[in-house]
Amino acid sequence: MTLAVGRPALPSRLIRLLRDLGVGGLLCLHPVTAIIALGWLSRHMTSVMAPDDAPAPGWMFGPRGAGRIARAFGGLAANIREGLRTFAGLALLTLPFTALWLGAWWAGWENSFNKGYEQAAIGPALWFGATGYALLILAHLPFARAHAARAQSLSAFTAWRTIRQMRAAAGWRAPWLALVSVILALPFLGAQALPVFIEELVPGFAAMSSDRQQDIADTTALLTATYAFASLFLLRHMAARIAARPPARRWLAPLWLILSCVIWFALVAQIVIAQFMNYDPWKWLIHPFYLLPWAG
Amino acid sequence: MDRRSFHKGAFATLAGAALPMPARAAPYTGPNVILVRFGGGVRRAETINDATTFAPYLRHVLAPQGTFIPDMRIAQLDGVNTSHAEGTLNLLTGRYLAYRDVGSEFLNDRLEPTEPTLFEYLRDAFDLPSHQVLLINGEDRPQEEFFTYGVADHYGIDFRSEMLSLHRFKLYKFAQILAERTADEPTLLDAQAQYDALLAKDPRAFAPEQSADVTAFWARWRAHYGDDGFRNPRGDRLLTALALRAITELQPRLMMVNYQDPDYVHWGNPSHYTRAIQVIDDGLQRLVEAVAANPAYRDNTVFVITPDCGRDANPLLGVPFQHHFNTASAHETWALILGAGVQAGRTIDRAIDQSAIAPTIAALMGFTATRAEGDVLSGIFR
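If you're matching them up, the sequences are chains V and F in order. Per the numbering used here, the first sequence starts with residue 18, numbered consecutively. Per the numbering used here, the second sequence starts with residue 65, numbered consecutively.
Don't take each hint at face value.
[Stated by the list, open to error] Partial chain V-side listing against chain F, Cβ under 8 Å, derived:
{"hint": "1", "residue": "130"}
{"hint": "2", "residue": "132"}
{"hint": "3", "residue": "134"}
{"hint": "4", "residue": "212"}
{"hint": "5", "residue": "213"}
{"hint": "6", "residue": "230"}
{"hint": "7", "residue": "234"}
{"hint": "8", "residue": "292"}
{"hint": "9", "residue": "296"}
{"hint": "10", "residue": "297"}
[Said to hold, decoys possible] In silico negatives: residues of chain V with every beta carbon more than 12 Å from chain F:
{"hint": "11", "residue": "27"}
{"hint": "12", "residue": "31"}
{"hint": "13", "residue": "70"}
{"hint": "14", "residue": "79"}
{"hint": "15", "residue": "81"}
{"hint": "16", "residue": "189"}
{"hint": "17", "residue": "204"}
{"hint": "18", "residue": "250"}
{"hint": "19", "residue": "252"}
{"hint": "20", "residue": "270"}
{"hint": "21", "residue": "275"}
{"hint": "22", "residue": "282"}
Bear in mind the hints are in silico, worked out from the structure with no lab data behind them. All values reported here derive from a predicted model rather than from experimental measurement. We treat Cβ as the ideally placed atom computed from N, Cα and C, and that holds for glycine.
All chains should be modelled from the sequences, with the hints used to inform the complete structure.
See the structure below:
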């Protein structure tokens, strides 16, 4: 569908941006198609970091001059391939703490339900341990994504030396990116929590037909998916530009790391609040900002 | 001595002097009433719906034996919340908004009744010692621990009920440990700290001492289960165990059992809700069987079983009943009244307000809840 050569005029870029946000938002409605959106976002990062080597990604078509099938489906295939690779890499990094969160939440409250004083510390200890690990991962995740997008390899997600150097080189921009991320994550908290109060927000909701109620649910899902893609587009774009910049002063790197972790804790808090309001076990594992841009 | 300690001592002395109740009150000869709060907020779907109930004993065995009210409602009034402390006080006072906040914390209501409770009406009308008017409470619900009397100038502390809960047992236990002084110094220091912490949870300016009969009850409980809390039943099974022991040892004439555990579904595990309903259902069966086996209760006891509030039925949530945030469904409950003097096999097919429970219990027991606003369900009596 899209293959940018050179820099198009502003109206053309705006139209393309709106089209990309629309297509990406629709793809984020389902976990399978969200893989395509994830791949497109990674390819977008690559094009931002290396515009000369990687053109702006398209959704469907391959590069001109390729064979007929590659031309017809090359972009889609690249999105799927890159999406699967990114998904696997992100899962590798995040599943250890998200799975522990899931287990700690279930086992902790299961223990409370049975008033099992003997095991009372296990749930909280698991959760805090997982959160400590999560904060370190979250602080590095934008740079791991950037490195993987540039290297186009799964192993890049575990190239810790490079990722650490990229994070250190980013300087104050690392906590800034964390701050923008946790602010942009707030609508996900709202999207998960607000349905709890749907009867107050939508007068007469309880008396509506189930079809009408489903219409409201579908509209909410579409808005959430569109927002998920748009916010991720912005964050990936920021991360790619930060990763492409020359290094900042590194001697403050430990401070920026600590500050990043503190800020990322706000995302953890948002997830916990959202889960308390409207529980969904999958949402421990899949948050648009650390795994899959699926609106859920 | 601070003001709180002074009040405690002074009122404990007054309360002690007031027991037993003045001779002017007549002896109580009416039926025993066991009010079961099928609590923690439950929906009709998982309790009284024929096809989907998780409480088969309640629905299929008990309901046909009494007067069944499938459509009980909590009024939609400004300020009326569908939560546990509020619902419990609606049941106990027969009024809405008959409480005041005494320093609520996040997720932890602290209310105290501002209108007389059934306990006070009963003990004013009849010569009953406090240990025969009982409230049985869960161990981690301090928000419902202090409903034993209303704080306004109606009856008050001399007409209170007694409370059976682990909170009360621990008060007894730590007081005993401190009095015995056989433990080592660190244990004594810890006991003192825990005793003080338990007292600090009571928001009232003064708190009554436990009566001699209840103290003896705890002594037997302690001898049986020990001090560590690892041997006694837990959760809502604990409430059943306390109620069964109370029936045998204290023979209460009015007893409210505040089941609570379905509320654990706030944290999102649906099985906590359905399992808790099953646990309450099992507890109901054990209570009914204990009553049938006890000559002091057999053919002379009425069960009133009703939730404190409903829960949400929100199709947009993964767990539609996770909360009870004042939705229409959270205002929908039910009630079952069965036993001596109550019509069996009857279903009331109109909506009944929750405030009817207190005046109806009062009528069953032969007194009037004068400040209750609900109507007596006189049609249910044989």
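Hints versus structure:
1. A distance limit of 8 Å between C-beta atoms decides the matter here; for residue 130 (chain V) the minimum to chain F is near 5 Å, and the interface restraint holds.
2. Annotation: interface hint on residue 132 (chain V) holds; nearest CB of chain F at approximately 3 Å, less than 8 Å.
3. Interface restraint check: residue 134 (chain V) against chain F, minimum CB-CB distance 6 Å, threshold 8 Å, status holds.
4. Hint on residue 212 (chain V) holds. Least Cβ distance to chain F is approximately 4 Å, under the 8 Å limit.
5. Hint status for residue 213 (chain V): holds, given a least beta-carbon distance of 6 Å to chain F, under 8 Å.
6. Taken as an interface hint, residue 230 (chain V) checks out: its beta carbon lies about 5 Å from the nearest beta carbon of chain F, inside 8 Å.
7. Among the interface hints, the one on residue 234 (chain V) holds; its C-beta lies about 5 Å from the nearest C-beta in chain F, closer than the 8 Å criterion.
8. A cut of 8 Å between beta carbons decides the hint on residue 292 (chain V): the least distance to chain F is about 6 Å, and the hint holds.
9. Taken as an interface hint, residue 296 (chain V) checks out: its beta carbon lies about 2 Å from the nearest beta carbon of chain F, inside 8 Å.
10. The closest approach between the C-beta of residue 297 (chain V) and any C-beta of chain F is roughly 5 Å, which is under the 8 Å cut-off, so the hint is satisfied.
11. The claim that residue 27 (chain V) lies off the interface holds: its Cβ sits roughly 40 Å from the closest Cβ of chain F, which is beyond the 12 Å cut-off.
12. Interface exclusion of residue 31 (chain V) from chain F stands, the closest Cβ pair being 34 Å apart, more than 12 Å.
13. With 12 Å as the threshold on Cβ separation, the claim that residue 70 (chain V) sits away from chain F holds: the shortest Cβ distance comes to roughly 44 Å.
14. Taking the minimum C-beta to C-beta distance to chain F, about 40 Å, the non-interface status of residue 79 (chain V) holds against the 12 Å cut.
15. With a least beta-carbon separation of about 46 Å from chain F, residue 81 (chain V) lies farther than 12 Å from that chain, consistent with its non-interface assignment.
16. For residue 189 (chain V), the non-interface assignment is confirmed: its Cβ lies about 34 Å from the closest Cβ of chain F, beyond the 12 Å cut-off.
17. Residue-level check passed: residue 204 (chain V) sits 16 Å from the nearest beta carbon of chain F, beyond 12 Å.
18. At roughly 27 Å, the least C-beta separation between residue 250 (chain V) and chain F is larger than 12 Å, which holds for a residue marked as non-interface.
19. Residue 252 (chain V), annotated as away from the interface, keeps every beta carbon of chain F farther than 12 Å; the closest lies near 26 Å.
20. Distance to chain F confirms residue 270 (chain V) as a non-interface residue, since its nearest Cβ pair spans about 37 Å, more than 12 Å.
21. For residue 275 (chain V), the non-interface assignment is confirmed: its Cβ lies about 28 Å from the closest Cβ of chain F, beyond the 12 Å cut-off.
22. Against the 12 Å criterion, residue 282 (chain V) stays outside the reach of chain F, whose nearest CB is about 19 Å from its own CB.
When the structure is compared with the earlier hints, no violation turns up for any of them.
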